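Now for the letters of each chain:
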Amino acid sequence: MTVLQMAALTIVALGGLAMVATRDPVRQTLMMSLYGLALAALFFAFQAPDVALSEIVVGSVVLPLILLLTLAKIRGEAR
Amino acid sequence: MFYMSALAFAAFFVWGMLRLPAFGYYQGPYGDVINSFVVFERHATDAVTAINFDYRGVDTVGEEFILFASVTGVALLLRERRDESASEERARVAEGRAGQTSSGVKVLALAVAAPSALYGWYIVSHGQLSPGGGFQGGVIMASAAIFLYVSGEYLALRHMNPISLLELADAAGAGGYVVVGLAGLIASGTFLLNVLPLGTTGEVDSSGTILAISIAVGLEVAAAFVLLMMEFLEQTLEIRQRRRV
Amino acid sequence: MDVLVPLPFAVPLLVAALLIGLQSHLPHWLNDLIAVATAATVCGICCVLLFMSTKRPLVYWFGGWVPHQDVAIGVSFAVAPLGAGLASMVALMVAAALVFSIKYFDAVGSMYHGLMLIFLAAMSAFCLTADLFNLLVWFELMSATAYALTAYRIEEKGPLQGALNFAIVNTIGGYLIFSGLGLIYARTGALNFAQIGRAVSSQPADSLVVVAFVLMAVGFLIKASVVPFHFWLADAHAVAPTPVCVLFSGVMVELGVYAVARIYWSMFATAFNPHEVSVRAILVGAGAVTAIIGGVFCLSQTHLKRLLAFSTISHVGMFVSGFALLTPLGLAGSAVYVLGHGMVKASLFLCAGILLHRFQTVNEAQLHGRGRDMLPTAILFFAGGLALGGLPPFGTYLGKGMIEDAAVSHSYAWLTAILILASMFTGGAVLRAGARVFLGLGEPDEDPAGAEGKEEQPESRPTGRTPVVMMAPACVLMGLGLAMGLVPGIAPRTEVAAAQFMNQAGYSQVVLDNAPTLQPTGEIEPAGPNPFQIASGFGAAAGAVLLAFAAVYRQRAPRAVCCWAATWLEPPLQRLRALQSGDVRDYVTWLVFGTAGLGAAFAFLLR
Amino acid sequence: MSIYPWFVVAWLFVVGLWGVISSRHLVHQILCLAVIQSSTYVLLLAIGYKNAAAAPVFATNPPTVPAVDPVVQTLTLTDIVIEATVIGLLLSLAVQAWKRFGTVDPDRLRALRG
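Residue numbers (my numbering), protein chains in the order written: chain A, 4 to 82; chain B, 24 to 268; chain C, 2 to 608; chain D, 114 to 227.
The hints are simulated quantities; they were obtained by calculation from the structure and are not laboratory data. Among the hints, a few may not be true.
Below, a list of computed lysine to aspartate or glutamate pairs in the EDC-like style, where the Cα atoms sit at most 16 Å apart [unchecked claim]:
| # | chain 1 | residue 1 | chain 2 | residue 2 |
| --- | --- | --- | --- | --- |
| 1 | D | LYS163 | B | ASP55 |
| 2 | C | LYS56 | C | ASP3 |
| 3 | C | LYS104 | C | ASP33 |
| 4 | D | LYS212 | B | GLU257 |
Beyond 12 Å from chain B on every Cβ pair, some chain C residues (computed) [stated by the list, open to error]:
| # | residue |
| --- | --- |
| 5 | GLN367 |
| 6 | GLY507 |
| 7 | GLY540 |
What you are looking at is a predicted structure, and each value in this text was computed from that prediction instead of being measured. The C-beta atom is built at its ideal place from N, Cα and C for all residues, glycine as well.
Sequences and hints are given; from them, build the entire structure.
Given below as structure tokens:
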């Protein structure tokens, strides 16, 4: 196991905790983007470029966007 | 109660995982057999795409229909009793919003949209050669539509009344995959059998049905994600409109 | 004729894509016609497959990827009689539900039809596949479609709550299966059932195999709604549109039980053979607890759809305890029971739908005495109640009797008492509701607009007469449930199919080595029907009738009995009901608790 | 050190579960599901990894070069698609919850149940 893989695993483990511990959904969406990137980095370290590419497009682009739209809906009416 | 159970669950899970082969010592045989045959048998150089669209193509049929069913479900859930007049109103709101986008952002976003659509197409059509494929490329193509929205041209998009068109594309992509499968069934009695010439390894038109399926999937995924985003977008426009009134 | 194998999922998927793609261009009646015709076609194909697969499973390699060097590199379907039979029942139910929906919803777009057909495709492929990951894909497709269908009519807080609870709990179930799949793949490097089974049986079961089995089994038991993973089911059923409930209760839940049996006998049976006694004890225990708890809850409901949902939980407990006996007769009993129960339960749900259509409510208290002029519906409803109680010649008595025979011959005679009790509870609850609604017996409740009164929203505009497209599927299904128990030789034939199903070594030879036949394994016992089964059926049904009378006239009971009940029965019942809180966070806690408990039991007994 | 990935897998699963049961916001709860799911990605890819092996792409490498297992990568890919779509579906339910009842707090949704 290389140092790079260890580091990526540790970042992902901490990122998961941060995702859960961030209770404010808007900040959590930001976390989600970062977490997606961390996962993608881990997948590259595991020699899985196909998976990393989909994790980037899904985890860091599509899901955050849908989330922001959802939150805009929810917060927009709350105001 | 949760903490106790979660602890017990984690202990149980780890107890099983401790008997896994050590990290870095994958023992095969499945992946190794495929790695050694894929270039020879399928003229494809990306083993992951070859498995996805051929060796285990049936899984991907299911996967594409999960996407299709979810998007249909979202449309069913969010589109309830949405009448035409409200829709007109929303269009006006969208117009108002379009005016606010600064021209710098507009130019930049438009400048990004076209290349990202092209890049998405490249990823779709080169899936059998390099990392990527119908799914990843489809999402990138869908993101081109998002840039269009950022540029304030959502209205232009909306005037084309794209939803039914997108739904058609979505269904055509998902159905297209099944049609490719049925082509094999009709030709030789085997669902998803490759019926196209294999071509020269390393070229775009190599590897037969993989490319056809990749394009069908790309079409479906792009349409599905744009639809998904539009359904959510309509929801946010709804509130802006209400706040104006 | 192997070309038929991919059709049960390919045809409905293609038609669904067409219907949804062309939705604004097709007239209403054409949508209905195409959808029903497709489901009927699939039903026919599956019946043909059932008769073609009696000698040996039909093995079909997609894409022509037959095994290379003894390694399965493609995905295969292995059509066996039990799976094909289940798939034909799925298709039949979908057809019935679609016919019922013609007049049921005011404005149904083609999206509803499309989703129903995708649901059908996912369920039938789930029954036929012979590949672990493929099974999971169809499982997820089934779930995603089911979430959308549950929330189809969002009008009140109820539907939404139910759909969310259902979705979150089942999604976690999917993750558990996925983790189990990962573990078993790491050990064996295979995804084909037969090949995994070979690799797993080559050495004694160690902790990895045990954990993998428990994770996958829990995932499927969540779908099967076994206690304590059952909470989502009643919430989802109470709120889903009635035709969708028919599918959930009639087949989807049973598919969870089927999947556990399938993975057990294709992959783990040989490795767990030295521990067979422990495995039997754990699973029979889980089934018995589920049967009783489901029955008790069923009896305490006044919301008809929730009542029927809890009765499904109780029956699932009986199915689980049947196959958990790990004998051909027990498994065959479960299979016959699943068929018989599915028909009857579907018909009962359709009756509830007819009541809802007519009176805009399914609350027993509000409906009290209002169904006096609905003779056909009343007959069906009472027949359904008696059938759930196990009255011969409904298919249910035969399945129950076979499980009881198997239990007695494996020193689980107490299971017979549990089965009879559970049948009494569920049958009694339905009969009580029927007596109050259709005959107006007993006192009307003081508070007709009770807590659950406003939950159900009209799904359709009421009409004076019941449309024939609503009545017909209910009658046909009930008739089939009745006829099933009369088919000559159904019990011994199912037993042979079950014995083939349990032959793990033979199964892997058929799939991987193209062996010409699949021999039955295990000890074949006389399956029946025999006088003992018939007597037990009549007994349970009579018990259900008595229980129903006692429940209807409970106000007139002697004071002493009332006091006793109030002090000893009410508090624990209240506490049990409080667990059904409607909060998904509690359900997930129970899920983790149950997984840990099942894991601990397996770890302790199989170490 | 070769068991470190398995601990990360179990950690992510349990942390995600904890998030689900302690959540006060539907959207947050749905994202915790994504954390649980990411544990399955890590598990699968770690299982298929081989020391000093290349990615399973043979555009420049000849097929004789040792490569990591492509099958688990395909499975993970499918899993990611499932994640994206199921989360989309769940979020649309959350939007509905908001539209109908004006709350996304599970406590208040439960209180509404009556």
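Q | Ascending list of hint numbers which this structure does not respect | A | Hints that this structure does not satisfy do not exist here, as all of them hold.
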